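Take the sequence shown: its position 59, counted from the start at 1, is 59 in my numbering, and no numbers get skipped.
Derived from the structure by calculation, the hints contain no laboratory data. Note that the structure is a prediction, hence the values are computed from the model and not measured. Misleading hints may appear alongside valid ones.
Claimed, not checked - Using C-beta positions, here's what the derived DEER-type ranges look like: (1) Glu-101 with Thr-35: 22 to 28 Å; (2) Arg-115 with Glu-85: 31 to 37 Å; (3) Asp-121 with Lys-88: 32 to 38 Å; (4) Arg-33 with Glu-130: 17 to 23 Å; (5) Arg-33 with Pro-104: 28 to 34 Å; (6) Thr-35 with Pro-104: 25 to 31 Å; (7) Arg-87 with Gln-67: 18 to 24 Å; (8) Gln-75 with Arg-133: 16 to 22 Å.
For each residue, glycine too, the CB sits at the ideal point set by N, CA and C.
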Amino acid sequence: MNTVHRLVLALSRGRVGQTLGRMDVVELHTVGRSTGIVRSTLLTAPIAEPERLVLVASKGGNDAHPQWYLNLRAQPNVEVTVDGERRKFRARTATPSEKAELWPTIVAAYPGYARYQSKTDRDIPVIVCEPLRAPEES
Numbered sequence: 001m002n003t004v005h006r007l008v009l010a011l012s013r014g015r016v017g018q019t020l021g022r023m024d025v026v027e028l029h030t031v032g033r034s035t036g037i038v039r040s041t042l043l044t045a046p047i048a049e050p051e052r053l054v055l056v057a058s059k060g061g062n063d064a065h066p067q068w069y070l071n072l073r074a075q076p077n078v079e080v081t082v083d084g085e086r087r088k089f090r091a092r093t094a095t096p097s098e099k100a101e102l103w104p105t106i107v108a109a110y111p112g113y114a115r116y117q118s119k120t121d122r123d124i125p126v127i128v129c130e131p132l133r134a135p136e137e138s
């Protein structure tokens, strides 16, 4: 999805490709845990609300976590481009109870996530990204 989708977004200046099915397409910017280089990945957000974005580290049901997930676990302060606007977020893995609450909505947005989970013994992480606020001036 990344190369072609990125090209479509660029050529259309964001007018085409901001959604995939019922999900927003977002660009996650993480810092490489080994290199320190900023890495960008296009992802879908099955839940996109003003105060949180929810991402799924499915990697198509692969037995290994995606690199972007390992990077944000090492450095949870990330940036996400949503609707052409790059914003700062703090990312965290949902607790088991949060995941249980979010999972039906995630699967309703894209049923493939349930298939991915059934393909692997790995518990697919659900990531909650909450906006970082600038410290208030005293």
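Structure-based check of each hint:
no., hint, in the structure
1, Glu-101 with Thr-35: 22 to 28 Å, "violated (35 Å)"
2, Arg-115 with Glu-85: 31 to 37 Å, "holds (32 Å)"
3, Asp-121 with Lys-88: 32 to 38 Å, "holds (34 Å)"
4, Arg-33 with Glu-130: 17 to 23 Å, "holds (21 Å)"
5, Arg-33 with Pro-104: 28 to 34 Å, "holds (32 Å)"
6, Thr-35 with Pro-104: 25 to 31 Å, "violated (37 Å)"
7, Arg-87 with Gln-67: 18 to 24 Å, "holds (22 Å)"
8, Gln-75 with Arg-133: 16 to 22 Å, "holds (18 Å)"
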